[in-house]
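J.: Below are the chains, spelled out letter by letter.
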Amino acid sequence: MTEQRRVIRASLNEVELLFCKSKCYLHPTKSKADNIAGFLTLGRGPNDSNNDVRVSFVTESQLNKNETKVYEEADLAELTKDLENLELGSGSSSRQSTRIYIVKKLGSTSLTGSSFSVPISYIYSIHLRTPLVGWWYGSITLHMKDGSKSPTVFFHDDESLSSIKKQQIRNKQFDPFGEDGELVWGGSEFIQSLSKVADVQKSTYEPNVLLINPDPNDLRNFAPVKQSQSNNNDSGKVFVFPDLNKMIANTKWKLLETVATFTTKAKNQVLDAVEERAPPQVKQLINKPEVQKIGNDFDSARVYLAKWASQVKDEAEQAQKKYMLDDEIYAKINRELGISTERSEILTGQEISETSRRNPITKVEWESFFDHSGRLILTTDEVKYRIFHGGLEPEIRHIAWLFLLGVFPWDSSREERTVLKESYKTAYDELKAKWSTDEEKRQSDHWKDQRQRIAKDLHRTDRSLPIFASQREEPRAVSEEQAADVEEDEEMVLDNANLRKMQEILFTYNEYNPNLGYVQGMTDLLSPLYANIKEETLVFWAFAKFMERMERNFVRDQSGMKKQMSDLNKLLQFMLPKLFIHLEHCESTDLFFFFRSLLVWFKREFDWDDVQRLWEIFWTDYYTSQFHLFFALSVLSDNERIIRENLDRFDEVLKYMNDLSMSMELNPLMIRAELLFLRFKRMLDIIDRTNSDRNTATAHPDTHISVSPELRTLLSKKLVIQKELPPTSPSDYN
Amino acid sequence: MSGRKKTLLKVIILGDSGVGKTSLMQQFVNNKFSHQYKATIGADFLTKEISIDNNKQVTLQIWDTAGQERFQSLGVAFYRGADCCVLCFDVTNEKSLNNLSSWKDEFLVQSNVSNPQDFPFIIIGNKIDVDDSKKIPSLQKKLSNITSNQLGGLNYPVFETSAKDAINVEQAFEVVAKMALQQEELNDINGGVDDDYNDAINIHLESDNYGCAC
Numbered sequence: 000m001t002e003q004r005r006v007i008r009a010s011l012n013e014v015e016l017l018f019c020k021s022k023c024y025l026h027p028t029k030s031k032a033d034n035i036a037g038f039l040t041l042g043r044g045p046n047d048s049n050n051d052v053r054v055s056f057v058t059e060s061q062l063n064k065n066e067t068k069v070y071e072e073a074d075l076a077e078l079t080k081d082l083e084n085l086e087l088g089s090g091s092s093s094r095q096s097t098r099i100y101i102v103k104k105l106g107s108t109s110l111t112g113s114s115f116s117v118p119i120s121y122i123y124s125i126h127l128r129t130p131l132v133g134w135w136y137g138s139i140t141l142h143m144k145d146g147s148k149s150p151t152v153f154f155h156d157d158e159s160l161s162s163i164k165k166q167q168i169r170n171k172q173f174d175p176f177g178e179d180g181e182l183v184w185g186g187s188e189f190i191q192s193l194s195k196v197a198d199v200q201k202s203t204y205e206p207n208v209l210l211i212n213p214d215p216n217d218l219r220n221f222a223p224v225k226q227s228q229s230n231n232n233d234s235g236k237v238f239v240f241p242d243l244n245k246m247i248a249n250t251k252w253k254l255l256e257t258v259a260t261f262t263t264k265a266k267n268q269v270l271d272a273v274e275e276r277a278p279p280q281v282k283q284l285i286n287k288p289e290v291q292k293i294g295n296d297f298d299s300a301r302v303y304l305a306k307w308a309s310q311v312k313d314e315a316e317q318a319q320k321k322y323m324l325d326d327e328i329y330a331k332i333n334r335e336l337g338i339s340t341e342r343s344e345i346l347t348g349q350e351i352s353e354t355s356r357r358n359p360i361t362k363v364e365w366e367s368f369f370d371h372s373g374r375l376i377l378t379t380d381e382v383k384y385r386i387f388h389g390g391l392e393p394e395i396r397h398i399a400w401l402f403l404l405g406v407f408p409w410d411s412s413r414e415e416r417t418v419l420k421e422s423y424k425t426a427y428d429e430l431k432a433k434w435s436t437d438e439e440k441r442q443s444d445h446w447k448d449q450r451q452r453i454a455k456d457l458h459r460t461d462r463s464l465p466i467f468a469s470q471r472e473e474p475r476a477v478s479e480e481q482a483a484d485v486e487e488d489e490e491m492v493l494d495n496a497n498l499r500k501m502q503e504i505l506f507t508y509n510e511y512n513p514n515l516g517y518v519q520g521m522t523d524l525l526s527p528l529y530a531n532i533k534e535e536t537l538v539f540w541a542f543a544k545f546m547e548r549m550e551r552n553f554v555r556d557q558s559g560m561k562k563q564m565s566d567l568n569k570l571l572q573f574m575l576p577k578l579f580i581h582l583e584h585c586e587s588t589d590l591f592f593f594f595r596s597l598l599v600w601f602k603r604e605f606d607w608d609d610v611q612r613l614w615e616i617f618w619t620d621y622y623t624s625q626f627h628l629f630f631a632l633s634v635l636s637d638n639e640r641i642i643r644e645n646l647d648r649f650d651e652v653l654k655y656m657n658d659l660s661m662s663m664e665l666n667p668l669m670i671r672a673e674l675l676f677l678r679f680k681r682m683l684d685i686i687d688r689t690n691s692d693r694n695t696a697t698a699h700p701d702t703h704i705s706v707s708p709e710l711r712t713l714l715s716k717k718l719v720i721q722k723e724l725p726p727t728s729p730s731d732y733n
Numbered sequence: 000m001s002g003r004k005k006t007l008l009k010v011i012i013l014g015d016s017g018v019g020k021t022s023l024m025q026q027f028v029n030n031k032f033s034h035q036y037k038a039t040i041g042a043d044f045l046t047k048e049i050s051i052d053n054n055k056q057v058t059l060q061i062w063d064t065a066g067q068e069r070f071q072s073l074g075v076a077f078y079r080g081a082d083c084c085v086l087c088f089d090v091t092n093e094k095s096l097n098n099l100s101s102w103k104d105e106f107l108v109q110s111n112v113s114n115p116q117d118f119p120f121i122i123i124g125n126k127i128d129v130d131d132s133k134k135i136p137s138l139q140k141k142l143s144n145i146t147s148n149q150l151g152g153l154n155y156p157v158f159e160t161s162a163k164d165a166i167n168v169e170q171a172f173e174v175v176a177k178m179a180l181q182q183e184e185l186n187d188i189n190g191g192v193d194d195d196y197n198d199a200i201n202i203h204l205e206s207d208n209y210g211c212a213c
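Residue numbers (numbering that gives the first Met the number 0), protein chains in the order written: chain Z, 0 to 733; chain G, 0 to 213.
Keep in mind that the hints were calculated from the coordinates and are not lab data. Worth double-checking, as some hints may not be accurate.
Straight line, CA to CA, 30 angstroms or less: simulated DSS-like cross-link-like pairs of lysine-lysine [claimed, not checked]:
{"#": "1", "chain 1": "Z", "residue 1": "Lys-500", "chain 2": "G", "residue 2": "Lys-47"}
{"#": "2", "chain 1": "G", "residue 1": "Lys-141", "chain 2": "G", "residue 2": "Lys-47"}
{"#": "3", "chain 1": "Z", "residue 1": "Lys-722", "chain 2": "G", "residue 2": "Lys-94"}
{"#": "4", "chain 1": "G", "residue 1": "Lys-134", "chain 2": "Z", "residue 2": "Lys-500"}
{"#": "5", "chain 1": "G", "residue 1": "Lys-134", "chain 2": "Z", "residue 2": "Lys-654"}
{"#": "6", "chain 1": "G", "residue 1": "Lys-133", "chain 2": "Z", "residue 2": "Lys-447"}
{"#": "7", "chain 1": "Z", "residue 1": "Lys-164", "chain 2": "Z", "residue 2": "Lys-201"}
{"#": "8", "chain 1": "Z", "residue 1": "Lys-433", "chain 2": "Z", "residue 2": "Lys-447"}
{"#": "9", "chain 1": "G", "residue 1": "Lys-47", "chain 2": "Z", "residue 2": "Lys-654"}
{"#": "10", "chain 1": "Z", "residue 1": "Lys-544", "chain 2": "Z", "residue 2": "Lys-431"}
{"#": "11", "chain 1": "G", "residue 1": "Lys-94", "chain 2": "Z", "residue 2": "Lys-433"}
{"#": "12", "chain 1": "Z", "residue 1": "Lys-500", "chain 2": "G", "residue 2": "Lys-94"}
{"#": "13", "chain 1": "Z", "residue 1": "Lys-447", "chain 2": "G", "residue 2": "Lys-134"}
{"#": "14", "chain 1": "Z", "residue 1": "Lys-148", "chain 2": "G", "residue 2": "Lys-163"}
{"#": "15", "chain 1": "Z", "residue 1": "Lys-431", "chain 2": "G", "residue 2": "Lys-37"}
{"#": "16", "chain 1": "G", "residue 1": "Lys-37", "chain 2": "Z", "residue 2": "Lys-500"}
{"#": "17", "chain 1": "Z", "residue 1": "Lys-447", "chain 2": "G", "residue 2": "Lys-94"}
{"#": "18", "chain 1": "Z", "residue 1": "Lys-544", "chain 2": "Z", "residue 2": "Lys-424"}
{"#": "19", "chain 1": "Z", "residue 1": "Lys-722", "chain 2": "Z", "residue 2": "Lys-561"}
{"#": "20", "chain 1": "Z", "residue 1": "Lys-447", "chain 2": "Z", "residue 2": "Lys-431"}
{"#": "21", "chain 1": "Z", "residue 1": "Lys-440", "chain 2": "G", "residue 2": "Lys-133"}
{"#": "22", "chain 1": "Z", "residue 1": "Lys-680", "chain 2": "Z", "residue 2": "Lys-544"}
{"#": "23", "chain 1": "Z", "residue 1": "Lys-654", "chain 2": "G", "residue 2": "Lys-133"}
{"#": "24", "chain 1": "Z", "residue 1": "Lys-500", "chain 2": "G", "residue 2": "Lys-133"}
Chain G extracted, bound-state conformation (with noise of 0.2 angstroms):
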């Protein structure tokens, strides 16, 4: 592991059944859009290697999920070891926007992962490209009123998105990709999943410093 590794970071995406989970991923790795993705059964993933922070390349594993919820139960194996999560609702259907903190919930159950407190979720608000009459009223007011009561008070990052036109996808994963990357690095040096020797490494270090700074 020593030298100029390749980073391969796992992201996680939530959301509701047709929020557009899986037209955000092609669009973000492939650059295109259509009309008929089918409704997702099980799961994939597709990578996509980027460069971020000073040409440091990095490469986002993305996967993607069914949206119905009695089918994540059996997600567990792909939640495991992700270093970001995207929830995702859709701009014009305000129930999958309340539904943000179950999917927060959910995810937090299942992966497992180790600082709870401070994991990296981004939001991410699909489908901007439709009319303004069939949007969320007053939506930035129910968004902010969601994260401060519902998840939390943490300012997760937010995008607003059009899968569709290409609008603030790219943005939204380079986002996506930093907090990954902090993750990993914490993930790193907490070791805890690396080796099961080393645990007597981590008496001497305090995770405190590697807090998320989102």
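Just chain Z, with the same shape it has in the complex (with noise of 0.2 angstroms):
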């Protein structure tokens, strides 16, 4: 054999293929008529090292016909292997098929037209994506040493010769999994090879970043938890506080993992931390008489408050901890989510790294999954995934929000949507005709009571945005007409256009629904709709698509406030039960400090910018159309902590809860949010199997687990419509 090889060695100007795989391509733009075709490759040449050996992607276009044969050929050589191996058993004889072969090399670390070439000594990672069938391509990423990397190769398993054909004989074997239980695609046949001539190491947090021939300093990096904890003892001394957005971004996949529970650890370190290292300046300001003083006002205020909370004593008694699981349930559930982490049933990698915040969808982007006739060409399902993990650009809400709303269908073309918005026109014209051209309606005292109400409102909402901002100095004039109408108030008078616009949009709304009538709230609601839409018929369809979903957050007697207010108590118990049984005891499981942020969706708690990326997220009900309850867990979640440690009374709850206002972290929260979601569907999935289990089992029919139906309900991404009823009397509208 070494003979042959001789005969055949590769030229100076040429390598030796060690691995070739077909059908790979580069996704330069969303397009697929930009993908690029070509071969990734391992190539050694004459007198290379392991270290030399290069990482190759090239062209399909750049080659000729018969290097695209030497090519094709090479892609099935490891194949022809294995067949053999098949065939003949683990026989010797499969030398004799060792084939050779001989390519041209490529121009060094060059990128000819869209081709590359590196030396494994150049890569300092990888960075892997397994595929998602039906849902995208696998892929890798070479990041070199100098910081830069390499264009994204995509594996069409689908359509490469080697990979159709090893699949068919893995289903005859009926393993569709490699030796080490991963699923076989095309990244991972190449990392096998690579591994023969590289030091392959998967990173202790992100097994989907490969290092390559690391050295023990990037070891050390990149596996802080076995080397940390070795050298606690001494490095303890010196705190430092997490960095926690570092510490995502750089460990995400096992970290995110149980984040539930981990950066609730971190805060406990901090907190631990001032508690038995508080350097001696901050002893001395908690000995100081001010600070004392303070404790004891609290203290006596606490002897006061628990006095009239034995009052309500009789509702906390009626706050039983109905949906909690037993001590023992949750012990299995949390041993099936959180410690096994290898090859976790309860969140697998895709899951996870699903979950991290992307950019914000660009104009082009978003032009991208729509086709020439302005029909989008991605499954709504796609558009609302890649919305809820990055959210819009400003400069295209005011069409992605028509869609997200419902105002125009996801599948509608540009032209049935140009006569759908005729038809919006001419159905808000006669709405609006119903006011604006009836004197006498407008002289009811019902009339003249709702337009004070709205313009009240209006008169202080989000007035610190330019939109919105004050008018007057040109003034009177624009008002004096207005002022005609209006005898007896002068806050009615909106010194701005814009208000004045949304003013007659409210009015239309209550021509379009007469039975609410306009409910305090209902103009934050509104104001981030007009600044965006702009057009005054499509706002006004966008507010009456959005108050289908917050009607019931409006109704008169309260009652979808109460159910929202219920359900959350409920998901409470189910996933934060420690959390819950410390707000019994501060007599705040009415959860009631979350009024504001239910009710308008959180516009008060942040500022203007993230409550519209909030609300576009929300909008999207990718996992459920009450993910607003789920983001609102998380919020306590992420202070659990806090609360237990140190707040004891319903008012101490209220108030730092209110205070959080303007405070919050958007996309921490997020991600904690999802994360929530995906924990709390796994944890019915294993109360499911449980109780069939059981139920097969049949030696114990009495311990099935229940779940309270409104929790599943919480799964559903069918939105919750509750309209109001026709009021009995005028004073309904109050």
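Fit the two chains together into the complex; they arrive one by one in their own frames, and the hints show the way.
T.: Structure (structure tokens):
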């Protein structure tokens, strides 16, 4: 054999292919038409050490017919061996087919067109993304030691001859997985070959990142768990505040798997450290008379409040822990959830890696979602997935929100939307005429009352934004005409044209939904729609659609709000039982402190930009139409330790929660909310499976674990609609 | 609870939407006024420590709530244990004046206070800085009409204030504090909410002597 090898040895500007995979693609744009097909190879030159072996991507278009043939045969080479092994058993004769494939060497670290080629010694790490059939192709990206990276190479295994045939063989063997139990795909084959010539190490935190020939420092940086635990004792004296964002970025995989508890841990570390290792300055501060006085005040206040707390004891007793599971069941779920992280059933790596926040969708990306007729190319699920994880750039909100809110169907063409828009306009004009042309109506007490309510609230809605700011300097000229209409109340004269337009929209909404009438909070819901969509007709219909899901927040008897707070209460019992028990102790299980957040979807808790992002995420209903409850749960989870350790009373809890307003970070809370949802879903799965196991075992028919049906409905993507009933007296509008 | 205790007094501000409840509270506690307070949703409170009656220190916990009626049904938790209730109206808005008695009734129903007959209320007419021509005509007459007919003929203290120009706000809340303190002491003596095991004490107490003297 060695004889043979020498004969066909590669010359200096040639390499021998150690690995070759066909139908690898670059995706330079979102459009399939722009994909670039090629071969991904490992090639060794005549005098090359392992470090000099090159990873190359060569485009199909730059190869001539003969070259293509060599590549295609090389693609199948591994397969031929497999086949022989399969047919001949693990016999010794496989060496006879060991052919050597020689191809032209690509320029050193050069990029010829879209092709590239780098020696292994240049590569620092490789980022893998495993495929999800029907969703995306698996891919790899090479990260160089100088910080640059290669284009991402996608493995189209459904087109690659070798991959197709290998899958067929595996199917014959009834073993779709490789020896190590992992899914076999183009990328995993590449890594397998690469590991023959290089040391390929999975990072402990990020199994998606493979380190190539790592030095000991790299290993330490990427495996902090193993390393730091051993020297915890000496390093423990110096407390370093964990940089949460950095931790999340670096260690997403492992960390997020248990994020609901892990980030709490990080916070705990801070608290513990302050308690145990508070620097002298802090201790001095604690001993100052002023500070002690506050402590005393709190004591007497506690005593005082304890008195009236006993008054509400009746209610407290009603708030039984009906929805909490037995400790034993929690223990079981937690075992399945958290600790067995290797190939944990609870959250797959895929699920976790998908929770990361992406960049917002740009105008270019948004437009690439649609074909020339303006019809969506992607599935709505794909678009919603994308919006859920990244949100939208402000410049496309005016159109994207109309889809999200259901004003335009996702599957409509541009032409259909133009027609639809016309009919929306007609319908709006008709509704508007109902009040604008009816002098008598506008003189009625009810109408005047509504006008005053609406004006009062518009007058104080988002006035700090330029679009709604007072335009009074130029003044009275504008408002005079209105003033003629308005004798009694100065406040009714709105000094901004946009506010006046919003008032008209709300008047018209009253015609559209006469039972409800204006309720406080509705201006908060309208203003972001107005500021983005701007066109009166479309703003109106966007608002009307938004109100379909929000109407239950505003009904007269408040049953919609009560229902949501009760659902959240159950969710809290189920997901964060310890916090629930503490809140029970604080007489706070009615969760009233979430009233504002739930009523206007956190509009008062986040700044203008974040509110828009949050709403477009909620509107996707990507996981559930009740995602706002999981987001609220996420806020609680994020503050669990602080609440449990520091707050004892109803008013303390309310004050603390109210004061979180404008101080919260949207993205970490969103990731946490998503993971809480996934965890919730999986907990229900585990319970259902346990129940069915027990049923079939029939040994313990009594041990059925029951889960409240209300909790199950939180998995539904269907909107919860609750309409207001017709009023029975004019005062019902109050 | 013995010794020199700090007293926390709970005060509830009620009244129609837009009469200036948040502004009054902000002016009293933080000495500031803004045209851009948003409509209050849900409830919040601020606390301020003041000294009354020979330097007795008390802490006022002032609760601000939403003005739209339908939101009040969720307010039960805030009303409980209140020591004084401030009923607000807007001197330029007659309807808000006429609604005072509904706010009072609403409060008594929901707070479940032990002495509805003599529970301390105070009335504040806000926005006196506004031009006279905009004010409710013959306000005094209408007001006394309302107090005698609708508010049970009780002489609740009345203050006309401007939260914007800080007129009479301090004075009004000083009276609030005094009234609240009396109510608090009454509750203390009644002891009803203090300790379940002390019910026996109530047998020896008549509350007549401790009625509100406002």
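J.: All hints are to be evaluated individually against the structure, with a verdict given for each.
T.: For each hint, the structure was consulted:
1. Z:Lys-500 - G:Lys-47: It is violated: about 41 angstroms lies between the C-alpha atoms, which goes past 30 angstroms.
2. G:Lys-141 - G:Lys-47: 33 angstroms, violated
3. Z:Lys-722 - G:Lys-94: Holds, at about 29 angstroms.
4. G:Lys-134 - Z:Lys-500: The hint holds at about 28 angstroms.
5. G:Lys-134 - Z:Lys-654: 36 angstroms, violated
6. G:Lys-133 - Z:Lys-447: 17 angstroms, holds
7. Z:Lys-164 - Z:Lys-201: The hint holds at about 28 angstroms.
8. Z:Lys-433 - Z:Lys-447: Within the cut-off at roughly 15 angstroms; holds.
9. G:Lys-47 - Z:Lys-654: 14 angstroms, holds
10. Z:Lys-544 - Z:Lys-431: 17 angstroms, holds
11. G:Lys-94 - Z:Lys-433: This hinted pair holds, its Cα atoms lying about 27 angstroms apart.
12. Z:Lys-500 - G:Lys-94: 26 angstroms, holds
13. Z:Lys-447 - G:Lys-134: 18 angstroms, holds
14. Z:Lys-148 - G:Lys-163: 61 angstroms, violated
15. Z:Lys-431 - G:Lys-37: Status holds; Cα separation ~28 angstroms.
16. G:Lys-37 - Z:Lys-500: 19 angstroms, holds
17. Z:Lys-447 - G:Lys-94: Cα-Cα ~12 angstroms, so holds.
18. Z:Lys-544 - Z:Lys-424: 15 angstroms, holds
19. Z:Lys-722 - Z:Lys-561: With Cα atoms ~15 angstroms apart, Lys-722 (chain Z) and Lys-561 (chain Z) stay inside 30 angstroms; holds.
20. Z:Lys-447 - Z:Lys-431: Roughly 16 angstroms separates the two Cα atoms, so the pair holds.
21. Z:Lys-440 - G:Lys-133: 25 angstroms, holds
22. Z:Lys-680 - Z:Lys-544: 28 angstroms, holds
23. Z:Lys-654 - G:Lys-133: 37 angstroms, violated
24. Z:Lys-500 - G:Lys-133: Satisfied, since the Cα-Cα distance of roughly 26 angstroms is no more than 30 angstroms.
When the structure is compared with the earlier hints, violations turn up for hints 1, 2, 5, 14, 23 and for no others.
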